[in-house]
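Quick mapping for you: the protein sequence lines, in order, are chains A and B.
The first sequence: position 428 = 428 (UniProt numbering), numbered continuously.
The second sequence: position 378 = 378 (UniProt numbering), numbered continuously.
Hints in this document: simulated from the structure, not taken from any laboratory.
One or more of the hints may lead you astray.
Taking lysine-lysine and the PhoX-like style, the derived pairs with C-alpha atoms no more than 20 Å apart in a straight line are [what the hints assert, rightly or not]:
1) 4(A) to 96(A)
2) 4(A) to 219(A)
3) 135(B) to 333(A)
4) 135(B) to 355(A)
5) 402(A) to 305(A)
6) 305(A) to 258(A)
7) 772(B) to 785(B)
8) 543(B) to 317(B)
9) 475(B) to 410(B)
10) 543(B) to 189(A)
11) 189(A) to 139(B)
12) 475(B) to 543(B)
One-letter residues, chain by chain:
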Amino acid sequence: MSDKLLFDRIDEPGLDTIEVYMRRGGYESLKRALRMTPEEVLQNLLDSGLRGRGGAGFAMGKKVSFLPRGAMDKYLVCNADESEPGTFKDRELMQKSPHMLVEGMIIAAYAAGANRSFIYIRGEYELQAMKLEAAIHEAREAGFLGEDILGSGHSQTLVLHRGAGAYICGEETGLLDSLEGKRGNPRLKPPFPANQGLYQGPTLINNVETLATVPHIIKMGGTEYAKLGVDNSAGTKLISISGNVQRPGNYEIELGMKSRDIVYGLAGGPEPGREIKFWFPGGSSSPVLTPEDLELPYDFDSMAKAGSMLGSGAIIVVDDSNSVVDVALTLAKFYRHESCGKCTPCREGTNWTVKMLQRIHEGDATPMDLDIIASVQDQIMGNCLCVLGDAMAMPLSSMVAKFRGEFEQYIEEKRAAAGFGEMPEPSPIAIAGAA
Amino acid sequence: MPRPERRFVTFSIDGREVSAPEGVMLVDGAKYGDVEIPVFCYEPKLGAPVGACRMCLVEVEGIPKLQTACSTPVKDGMVVHTQTDRVREAQNSVIEFLLVNHPLDCPVCDKGGECPLQDITFGWGRGISRMVEPKRHFKKPLELSPLIAIDRERCILCYRCVRFSQEVSEDYQLVLNERGASTYVGTFDGHPYVAPFSGNIIELCPVGALTSRAYRFRARPWDIEGAGSVCTHCPAQCNVEFTVRDERVLRVLARDNEGVDDGWLCDKGRFAYQAIHSEERITEPLVRDSESGELVPATWEYALDVAAAALQAGGSKTAALAGGTTTNEEGFLLQRVVREALKSPHVDSRAGLPQVDLGLQQALAAPGLQATIPDLEFAHTVLVLGTDPIDDVASLDLRIRKGVRRNGVKLAVATSRPSALDPNAKLWLRYAPGGEHAFVAALEAAVTGSGDLSALCDAADADPKALEALAALLKDGGEDVVILWSQRLGAAPLPALLNVAAALRLEGRDGAGLIEVPVGGNGRGLREAGVQSNGGPGLSAPKAPGKPAREIAAALASGDLSTLWLLHADPVRDYADRRLWERAAANADALVAHATLLNDTLREHATVVFPAESYAEKEGTIVNLDGRVQRLRVAIGRPGAVRAEWQVIADLSKRLGLDLGVLTGPMATRQLVEAVPFYAGLTLKEIGGRGVRWQEREAASAAPAAPAGPVESGEPLPAPRPNGALRLGTYRPIWAAPEVEVSPALKFLAAKQQAELSPVDAERLGVDNGAKVSVTAGDATVLAKVFVRGNVPAGTVFLAEATAEQSATELLGEAPQLVSVEPYGQRPPVPLEGLARGARPSDDEVNS
Ligand SMILES: Cc1cc2nc3c(=O)[nH]c(=O)nc-3n(C[C@H](O)[C@H](O)[C@H](O)COP(=O)(O)O)c2cc1C
Ligand code: SF4
Ligand code: SF4
Ligand code: FES
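Chain A with its partners taken away, still in its complex shape (with noise of 0.2 Å):
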């Protein structure tokens, strides 16, 4: 057996037919998990210690276990949203393997007792959308998707939903209401979709490669799984890298891989000649990393330790051709165009941001600038609806700490191009009388 699990032969060309599909074994761990009950099934992804790979990194079987047991109508929800800058994997697999992805639903649905699943799916991701479309017909036509299937009992239909282009509907309440046909706006959290989800039901929702993992669990059985990967970080992970890489594209690693090896071992480190400046470990949003950091484990708990996050698994190398303010306010503006505006911290956070970055782009600033936008991610983090305001304070704060000495010499360099000379005093504008 290959060292691979979800992308075991991923470029076998007609993987994405149901009848290579099943040559390979495909759907054999639905049949098996029929024949098991629900809680047996849930057990082995407990078992099996599988954490989300979405980016928030939550323990899926313990997820399931939330939901309310007994009749009604419950729902799975794939998120297959993926727009977090610097992740693809999603995208790849469910191109190539779609059926993975639609088996895997199945036995998550039968697990958590939920006969309605949607797999939300972005807008841009058109051919993906059809080869899901395809394979869910041809899982329908098979027999897997329906009424009884299998003579389970179970029955469970799926519907694909393209979405129009909002990182925010990545965010499962924003998701959910946008499924629901609303504006995709977060939810206020409780109350959490396990207990009232889409259309206010109990409601799983996972990313897609949570949920192509689980036939791979269910093959090899929960605890088998587990003694992948290391510690709190069980299994294979799909890994997007990008950027200043030689050999960008997605990877599967074993949890736990150091980071060199993947960054120079798979992805092949920079150009040569070029030095890694800094790395994001987990997509856009993660605090970023610093060269030595690269000695780290590549798993949750290394990532956390570090000050950052492990994410969706999504790599950004930026090297020493890049400056951190170009990174920043590409980043910034990202964020900002993708805030949802309901939450103020956010909204006019990300605005604000982006402007004062412009400012020192067009060496219109001072070096107390930087206090103020580090002061800015500061009044953003933890205080926002959901975590997209985060997502960008996160990854700024840490910017800005760790190469503030860079941010100033930018500040100088652009300031005396422009003409704008000496630093006068910096003066906050004061109200008399105020505190």
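Based on the hints, put chain B with the ligands in the right spot on chain A.
Quick look at chain B with the ligands alone, frame taken from chain A:
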């Protein structure tokens, strides 16, 4: 849904032990310990919290992140901090962020001085600004609608207005466009936000982003005073606060009364105050000059003398009608003068609707059978019978929607005309206009299981299956059933209605019962004050029964009665059978009126017109639908020579030889209270600012004993069969009122006649939306524009009553009507013969 019980829990806030009802949000719970937590987006009237503004962040021990106090329910033992550095830092942050894009044009902003953003910035902000970048810019201000201006730069995106539109009024027009910092409030395609309750968003807006176009730049908060009173524009009687500057009402705000209006106003209530200061307002007595035949200004003495002489001459052949804003006191005094001084029994306030047997009235008004307005929100089932609240009692529309949306009230709507509440109803039923009696009798049959349901349904042109479903819903959907029924149903269906209430055992059940929607702002109060032909004060039997309004008209037209006395009543416009009333007014020897505005009838026929007080100038009491006695208070001085109405009536009375013994307004109230046994002991003080339901006072036991047991309901006549013609159904739109027509802000909404047709009939007639049609009954014709409405039943046309022109009352006779509808103006020329008889009105008479 019976009201949830409230248990108290104890929690700690800023080191203090506080006890608050379980489940309330921390923001409200904190108030029990006198702690204020600032909020912007939180407004419980709008439904569940959204947690958008983040102003209310507080620290809750045991939870790492700060929590929004607007969405965190208090729990036993919870430990909350609102004064820590962390919390202060978060509050400072949110204020700073809100001001990033807020223009700070306070000096020219209407909201300045009464602005939550100013107040909270002062109280919880850092006091410095670190923002030097340009703010976002929008074109401003823009018309969101003819009533509301929007300044998008000032908007702090708190979602309140949008939530109101989406979740309270359910007009679904306001949305947030774009996203992030580019988000802005508007309608989806930029059409004006016109909806019956739109003005509420002005009050909801915590900044000056939404302002009243009628109030813009008229005053600053330090120039104005607030005066609490009650709106009399419809029977909902919402509580209001008049904004007064220099003896002028400049604005009307809601004065949240849970028992009445739940804090909302309709746009009529909010903007029709402009009629008070209309150029057309009558401010001095007018007397018809015998030489010129014109109404000319006169002194009070002269006008009173002329009017008294006219009434004296009329004597027992005088009839008096009261309506509109007439208070209980005015009505009470009026009937005293008519009955005691003129010895005439003819006094009425029922807008020309059929007279209801007094015993039946007493039974329907039995205290134990009355539901309260808030019951609409908590009942298991609400049946709306024969009324569309949006037109007849506006703010209750919102109350009913709230019950359905928030408390799962099961709503049934039974009307002849499609209702605005149909989409919210579990069940909606239709019957033919004229089939009211048969329909309610069928309901009785379905509920009691006796009687011939199918024959009755046939007579009502209603669906027996739907009636059975309704009966099942009423019987098995939970005991708390509230029936909101309209006086417009007429008299015949009421015994059956009483029997339905008896069968459902509504009497004596808290949270269940009947609520009547009267016609006219104080319809209930006037009847209780004795202003009806067959009822004296306190629903007592009068010494001698008089003629109801319709018979008064006939008697005036025929000369059996000679004199007409009108108190805020305009029968020609408002009552059925316009042409009979026109003849009555023309034929009367004398017509004495108290009015705020002139109309054609007064202009042509009045002998004396007394300038009447507007509702903002009056003192007195009125009675809400559920028996809540409310108090009108003087907000502004009377303009010109206007005098208090009670005083004018008393002066007239004196000239007629009867001293009413009333020297002040409160004396009139005292007399009324003494005359109505079930008001006994009631004082203005007790009524106060919130009103009191008389049924909840001890004196309620003095209400006339209602006859027990089922009542004979009589054989209903079948609704007329269309047979090629169409049935005529009518309604009075909320916008069909003179106060709308003379209010500059509201004028654009004034109701124009339209013929609501089913698609089937429209197609048969070959007409489409906007086409002109003539609607004819006998020799009367009304011209209207076609409005094709999908859910109008085939075979029926609906027309509006009381429109300024082409009112359907032209066509309404005594019996239910069949009419013929013809395309107008596109047909081959009318034969000469027809023209000679003058059957067709000229083209310009058609509303444009
Ligand atoms: C702004 C934002 C965007 C997100 N986008 C995605 C996404 O595109 N795909 C995804 O799987 N999860 C995304 N998430 C995470 C989801 O909210 C949720 O945690 C995840 O779908 C749960 O699935 P998992 O437990 O399988 O990881 C996003 C979260 C935020 C706050
Ligand atoms: S944090 Fe941003 S994206 Fe999330 S709710 Fe607030 S405004 Fe919307
Ligand atoms: S217009 Fe006013 S009420 Fe509406 S979102 Fe903006 S600030 Fe809130
Ligand atoms: S008041 Fe709590 S978030 Fe707005």
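Q: Would you pick out the hints that fail for this structure and give their numbers low to high?
A: 10, 11, 12
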